[in-house]
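> Take a look at the letters that make up each chain.
There are 2 protein chains.
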Amino acid sequence: MAQFPYSIENLIAELSNLPGVGRKTAERYVFYLLKRPKNQLEKLCSAISQLQKQIFICPQCGNFSEQNSLCAICASDKRDRQTLCLVAESHDLIVIESTAEYRGLYHVLGGTINPIDGITEEQLNIRKLLERLKNEKITEVIFALNPDLAGEATTIYLKKLLTPFNVKLTRLARGLPMGADLEYADEITLGSAIKGRRDV
Amino acid sequence: MAQFPYSIENLIAELSNLPGVGRKTAERYVFYLLKRPKNQLEKLCSAISQLQKQIFICPQCGNFSEQNSLCAICASDKRDRQTLCLVAESHDLIVIESTAEYRGLYHVLGGTINPIDGITEEQLNIRKLLERLKNEKITEVIFALNPDLAGEATTIYLKKLLTPFNVKLTRLARGLPMGADLEYADEITLGSAIKGRRDV
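Each protein sequence line maps, in turn, to chains A and B. Counting in the numbering used here, the first sequence runs from -12 upward without gaps. Counting in the numbering used here, the second sequence runs from -12 upward without gaps.
These are calculated hints, taken from the structure and not from any lab test. Just to be clear, a hint being listed does not mean it is correct.
The list cannot tell twin chains apart, which means a pair is met if one copy fits it or any two copies do.
Calculated cross-link-like contacts (lysine-lysine; reagent style DSSO-like; alpha-carbon spacing at most 30 angstroms) [to be verified]:
#, residue 1, residue 2
1, LYS22, LYS147
2, LYS65, LYS40
3, LYS115, LYS22
4, LYS147, LYS30
5, LYS22, LYS121
6, LYS11, LYS30
7, LYS146, LYS22
8, LYS25, LYS115
9, LYS155, LYS121
Construct all of the structure, not just a fragment, from the sequences and the given hints.
What follows is the structure, encoded as structure tokens:
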């Protein structure tokens, strides 16, 4: 196999760690970077180190925070503090925020229970969730997890755990996505859409 | 569209510059990096800045060099200094090196003539090539360019330019690649294979 100079091999190895990036793609990135003006490399470098220095984890909800304390949502006094939306990852939270349909608080689990990938309930941010349910005046928990096996497993597991707190447990509606074609919809989606039908 | 905290948006924008990386892929990389331990981010950062500090361009052949002077190949006294292999990019050079079939010198053009991408002959490392042909005792120039339109155009252009130097001009053999299937070979490749047939 072709062997590049050390600094190039080193960066190829580092970039190969990125998800979905193999050696060939990493080589492509490195040769692209080598052709860029030096200040562009500096910008990339500083963007990475800024990420490390300026992104914290909110001690309450587990979301990314721009300061070393509560995140903007937890700290805001304009949010409905009775509703808690459970998401697997911070980027799910941001996607929900961008719909502007939800004004409550969030709780980021940090993943879903998935024994195949070695993610068990102990690795998730559940202890803090139970604490919050005990101490905050939450009346509804919305499960906003992916509608897949891991999401379902996590929902079932947490449902058991949260039932004693006497809060309303809901989950995102299932049905046809915008622009879908009935002809190509899978049975489970279509089944959910029929069960969850609404008045027009 | 979802809006992430500034440091995240900034790194997404930087990573979106990489070839073949759009916003979604860049987001995926950033969220992967956010989940890594801090020292891994530092390693990536230092690998990028090392690239900038430790990779130079060889003033003779245009290849990457690990010191701020001639590259290892140009400086070596074990190479055949009469043969010059013309390549478009440094990574082509490294692939040829890895075959261990070639012991001559190289010259990196920095691309091929391609008006669609705005690459003209002025942007290529041609002046230095003519200088080398004048000053060094080169007897053969091997065109190791991609067998595509841009490679052909560059070959035709350079053939005109190099003919006065009275050196042998050759190019890589065309034919069926190892493991190919005659049934699926294209006409041009098969035509080249027939024209270039060899004694068994």
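> Does each hint fit the structure? Answer for all of them.
Verification of the supplied hints:
In this assembly of identical chains, the alpha carbons of LYS22 and LYS147 lie at most 30 angstroms apart only when taken from different copies (29 angstroms versus 56 angstroms within one copy). Within a single copy, LYS65 and LYS40 get their C-alpha atoms as close as 28 angstroms, which meets the 30 angstroms cut-off; across copies the closest is 49 angstroms, which misses it. Taking identical chains as interchangeable, the C-alpha atoms of LYS115 and LYS22 lie at most 30 angstroms apart only when they sit on different chains, with a minimum of 19 angstroms there against 48 angstroms within one chain. Neither within a single protomer nor between protomers do LYS147 and LYS30 lie at most 30 angstroms apart by alpha-carbon distance, with minima of 48 angstroms and 42 angstroms respectively.
For a Cα distance limit of 30 angstroms, the shortest separation of LYS22 from LYS121 across copies, 28 angstroms, qualifies, whereas the shortest one inside one copy, 56 angstroms, does not. For the identical chains of this complex, LYS11 and LYS30 are neighbours both inside a copy (24 angstroms) and across copies (20 angstroms), given an alpha-carbon limit of 30 angstroms. For the identical chains of this complex, LYS146 and LYS22 are inter-copy neighbours only, at 27 angstroms across copies versus 54 angstroms inside a copy, given an alpha-carbon limit of 30 angstroms. Within a single copy, LYS25 and LYS115 get their C-alpha atoms only as close as 45 angstroms, which misses the 30 angstroms cut-off; across copies the closest is 23 angstroms, which meets it.
Taking CA atoms no more than 30 angstroms apart as the test, LYS155 paired with LYS121 passes inside one copy only; the shortest distance there is 14 angstroms, against 85 angstroms between copies.
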